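Now for the letters of each chain:
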Amino acid sequence: MRVLRRRELPPLLRAIHDPPARLYLRGNGDVTLLAEPAVAIVGARACSPYGAQVARMLGRELAGADVVVVSGLARGIDGEAHRGALETEGHTVAVLGCGIDRDYPAAHTMLARSIGERSLIVSEYEAGVEPAPWRFPARNRIIAGLCAVTVVVEARERSGALITADFALEEGREVFVVPGEITSTLSAGTNALLRLGATPLTAAADVLESFGIQSPPNRTVEGNPLLDLLPATADELVQKTGLGVGEVMAALAELDVAGLASEGDGIYRRLA
Amino acid sequence: MLARAVTFALVGLEPRRVEVEAHLQGGTPSLTIVGLADRACQEARQRVRSGILSAELEFPGGHVTVNLAPAELKKEGSGFDLPIALALLAASHQLPRDRLAEHASCGELALDGRLRRVGGVLAVAEGARRAELERIICPYEACAEAALAGVEPIGMRHLADAVAYLRGELEPPEYVVGNGKPRRRPLDLADVRGQERGRRALELAAAGRHNLLLGGPPGTGKTMLARRLPGILPPLEEEQALEVTRIHSVAGLVDPDHPLIGYAPFRAPHHSASTAAIVGGGPRLRPGEASLAHRGVLLLDELAEFQRPALEALRQPLEDGELVVARAAGSVRFPARFQLVGTMNLCPCGARGDPGAQCSCSAQRLARYRDKLSRALLDRFDLVVTIPRARALELQGGPGERSDPVRSRVVAARLRLEETAPKRTSAADELLTRAVERLPLSGRGRAKVAGVSRTIAALAGSDAVLPEHVAEALAYRAPSELATP
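So the sequence lines, in the order shown, correspond to chains A and B.
Residue 272, in this note's numbering, is where the first sequence stops; the numbers in between run on with no holes.
Residue 485, in this note's numbering, is where the second sequence stops; the numbers in between run on with no holes.
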């Protein structure tokens with residue numbers, strides 16, 4: 001475990017109006033990781049399968065383009081963003097709202113271990129501090145503070161993710177928002193941000209552009225006609241294509257293995 | 001004056017020889033039963049007395065002792081009524097003792113002397129065959145069941161008839177043996193419209209004996225599909241049918257006219273079922289639902305609503321194909337090689353997976369719900385399929401394929417799997433390796449995908465497992481949202 005004093009903090013975090021007095025670090029990642037271009041991906045814990053897929057895709061594509069993915073190790077969007085980043089060679093940083101020695105939530109112990117093996121887990125709280133509701137907004141200011149860009153994937157009306165976005169806006173950082181269905185309460189918070197003038201995010205390339213990074217060319221889809229029919233259930237694809245159910249399932253699984261589509265609650269969606 | 005009748009007590013499903021000895025002495029008229037008889041068995045005193053008197057036979061005067069030997073074996077139930085009555089009558093010279101010794105007997109006595117059916121007649125008859133007794137005196141309704149064991153059943157309706165038979169004054173009546181077919185037609189797959197993916201999963205489950213988990217919002221047809229699995233399973237082989245019938249007989253569930261269960265049984269216990277009800281046990285060591293589903297299907301509808309201990313108890317039979325119920329006096333084995341089918345909603349409120357509804361579950365509530373299924377149990381499901389809400393256009397279609405052709409394909413695939421299990425081509429191997437690298441797939445997950453892909457190849461009539469078979473198998477693995485809360 002290492003400790004950064006206030007003057008040792010990375011420049012972006014030191015620049016916020018109440019930087020933490022200390023920042024505790026654990027994991028095998030280098031301290032300089034915190035000074036690299038970073039994006040925060042935050043959102044609801046009880047997210048939809050759509051939100052989970054978007055968070056994972058963003059985590060993967062941004063980390064794959066050497067942007068550090070920062071999030072809060074929470075269930076839902078946070079966890080998916082970390083997992084997406086871990087699927088690449090890139091880095092991801094988890095900011096805790098409890099003591100540096102704890103993995104919270106406990107369900108993400110393995111995830112925390114994977115992050116620590118390669119990158120960093122940070123917290124402003126010393127070992128032994130319990131997680132508490134009022135520590136999470138404080139944690140969110142560090143997430144926003146570490147990053148030049150914050151992406152909100154899904155958020156209800158009074159979501160903690162909105163607090164992160166507020167911190168980012170106060171510090172003059174860029175905020176991207178993933179548009180959601182107007183009928184879903186999971187989009188109420190994000191769509192409200194969009195109405196206030198946040199930039200809608202339509203692809204990972206939007207974020208990369210703001211860092212001045214050329215996005216890698218889109219992977220070519222090997223003429224798989226199913227991809228154009230997504231999102232759809234397997235049964236809908238059987239009906240639309242006239243193929244056998246076995247063939248459709250095989251084709252969908254191949255898209256899944258190739259990282260081009262994935263299933264959530266029975267509905268297949270494009271990932272690229 | 002001493003006489004003996006032979007019957008069999010059941011320890012689990014195993015018959016153990018019991019000699020019923022009746023001894024007459026002078027003195028105050030009374031009847032004592034010794035030899036670890038349970039309450040139902042002790043009450044035989046009253047039934048035997050009334051039965052003998054109703055049959056217009058003489059109840060011996062003086063003190064009567066009935067001993068059920070061996071004394072250390074627990075005797076349960078009312079099946080000892082008939083042997084006790086016969087031993088008493090033989091001891092008082094009302095029927096020939098040597099002739100009684102050539103017969104096994106079992107059955108409950110009514111107060112008017114009629115014979116009533118009891119559970120486990122098949123197992124008792126099997127005990128008789130093993131003890132080289134060729135005939136068993138039993139209630140008439142149990143004839144067909146006893147005949148399955150290969151002994152000659154002497155089916156009697158009344159105690160007086162049984163006595164007349166033993167005296168050589170009456171020939172045993174004729175009886176009919178059933179054909180082993182279910183009395184009711186199983187539910188047909190033609191009732192299911194659309195649901196191509198679910199139907200496919202069901203066919204794969206039947207062909208490969210895979211455990212199947214169906215998820216999805218309420219009302220999408222998960223249970224309807226699951227209930228149609230028995231209809232596409234092949235009939236049981238003779239030995240298996242006997243095994244299944246023995247278990248159902250002990251539980252008192254066989255149909256007197258068609259005792260042989262020649263088809264895959266189907267059990268669907270309610271989610272309030274206790275652990276003992278599912279795995280078996282209780283004071284009388286009865287087979288549970290898991291054993292009653294032996295060689296058939298155990299459907300756990302609303303899987304996540306079951307008590308967790310009951311679910312965890314299923315892990316042993318899923319692994320070993322049998323249940324060992326341990327008691328202080330020793331342990332009993334019940335075969336339980338069943339196919340597990342589970343259905344569950346994707347979240348406690350049920351809205352997940354339904355495009356027209358909004359899930360209102362908190363993250364903690366959702367996590368708690370999914371925690372009901374331990375990793376270990378989830379790992380036992382080879383096929384995990386989410387059934388999303390069908391859109392109107394699917395339901396407009398005509399009826400689906402009937403069960404009969406599906407069953408023929410299942411039978412053909414099973415034959416193929418038994419003869420030469422298809423092997424993976426190198427291209428298929430390569431895809432599987434890529435999938436393990438790319439997807440969250442454990443070692444056990446890989447083995448399951450390999451197994452399912454063999455079934456897919458066999459159903460396709462292919463001699464080798466091709467990449468498309470592996471690919472399809474990958475589509476039935478547990479989705480990540482169930483794997484990681």
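Everything labelled a hint here was simulated from the structure, so no lab data went into it.
Just to be clear, a hint being listed does not mean it is correct.
[Unchecked claim] Only part of the chain B face toward chain A is listed, based on derived beta-carbon distances under 7 Å:
1) Arg193
2) Pro309
3) Thr386
4) Pro388
5) Leu474
Predicted model, so just to flag it, every value in this text is computed and none were measured.
Even glycine gets a Cβ: it sits at the ideal position worked out from N, Cα and C.
Here's how the hints hold up against the structure:
1. Arg193: violated, 11 Å
2. Pro309: violated, 22 Å
3. Thr386: holds, 4 Å
4. Pro388: The hint holds - Pro388 (chain B) has a Cβ within 7 Å of chain A, the shortest such distance being about 3 Å.
5. Leu474: Status holds, d = 4 Å.
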